[in-house]
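Q: Sequence:
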Amino acid sequence: MTSDKRHVVAAAIVDDLNNPTRVLAARRTSPFALAGLWEFPGGKIESGESVLGALDRELREELGIRSQFGGEIVNPAPQEWNEDIQGFRPPPWPISAQLDLVLFTAEIVDGEPNPREAHDEIRWVSPANWHELPWLEPDRPMLVALEKWMLGEPSGWKQPR
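When we follow my numbering, the leftmost residue of the sequence shown carries the number 289, and every step to the right adds one.
Derived from the structure by calculation, the hints contain no laboratory data. Treat the numbers as computed from the prediction; the structure is a model and nothing was measured. Check each hint, because a few of them may be wrong.
[To be verified] Taking lysine-lysine pairs in the BS3-like style, the calculated list, with each CA pair at most 30 Å apart, reads:
| hint | residue 1 | residue 2 |
| --- | --- | --- |
| 1 | Lys-332 | Lys-436 |
| 2 | Lys-436 | Lys-293 |
| 3 | Lys-332 | Lys-293 |
[Unchecked claim] Per label pair, the in silico range of CB-to-CB distance:
| hint | residue 1 | residue 2 | range |
| --- | --- | --- | --- |
| 4 | Pro-429 | Pro-319 | 14 to 24 Å |
| 5 | Ala-385 | Leu-325 | 12 to 22 Å |
| 6 | Pro-364 | Asn-306 | 16 to 26 Å |
| 7 | Arg-345 | Leu-305 | 29 to 39 Å |
| 8 | Gly-440 | Ala-385 | 30 to 40 Å |
| 9 | Ser-335 | Ser-414 | 31 to 41 Å |
| 10 | Asp-292 | Glu-420 | 34 to 44 Å |
| 11 | Arg-404 | Glu-441 | 28 to 38 Å |
| 12 | Ala-321 | Gln-356 | 32 to 42 Å |
| 13 | Ser-335 | Glu-441 | 28 to 38 Å |
Ideal placement from N, C-alpha and C gives every residue a C-beta, glycine not left out.
Let the sequences and hints guide you as you build the complete structure.
A: Printed below as a string of structure tokens:
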């Protein structure tokens with residue numbers, strides 16, 4: 289990636305990494321323009337943190353859980369050159385002009401999820417009913433790729449780093 293965009297990380301927390309049927313959605317409380325919209329929990333990658341280290345920290349802070357991470361749900365857009373790995377990879381998911389997102393699958397291994405920072409409600413939803421929630425606009429294409437992965441289609445998924 290040769291962009292100056294900042295990267296954030298999020299988790300599609302599923303009920304079972306081997307046989308996923310539901311994903312955990314989180315309702316935002318801020319900023320005001322996004323309050324009440326649903327998203328995948330996650331957040332900013334701090335200086336010196338690995339992507340999965342940041343995601344682990346964010347899930348502990350936001351939901352009070354520890355997770356086992358699965359693969360990345362990748363953007364189906366054409367691959368682009370990545371300076372960090374000196375190779376081609378799918379681009380991250382665009383969130384805004386300043387932010388890109390990397391989305392990993394995850395399963396809870398410790399703790400009971402409770403909304404803490406940034407969220408006031410969490411809910412398990414299946415592909416059949418997640419369209420009933422008002423999701424953040426940038427998360428909607430990710431739901432399409434996530435559903436393909438949940439149905440066992442190979443596109444839109446890759447092994448963890």
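Q: Taking the hints in turn, state whether each one holds.
A: Now for the hints, and whether the structure bears them out:
no., hint, verdict
1, Lys-332 - Lys-436, "26 Å, holds"
2, Lys-436 - Lys-293, "27 Å, holds"
3, Lys-332 - Lys-293, "12 Å, holds"
4, Pro-429 - Pro-319: 14 to 24 Å, "22 Å, holds"
5, Ala-385 - Leu-325: 12 to 22 Å, "19 Å, holds"
6, Pro-364 - Asn-306: 16 to 26 Å, "23 Å, holds"
7, Arg-345 - Leu-305: 29 to 39 Å, "20 Å, violated"
8, Gly-440 - Ala-385: 30 to 40 Å, "35 Å, holds"
9, Ser-335 - Ser-414: 31 to 41 Å, "37 Å, holds"
10, Asp-292 - Glu-420: 34 to 44 Å, "37 Å, holds"
11, Arg-404 - Glu-441: 28 to 38 Å, "34 Å, holds"
12, Ala-321 - Gln-356: 32 to 42 Å, "34 Å, holds"
13, Ser-335 - Glu-441: 28 to 38 Å, "36 Å, holds"
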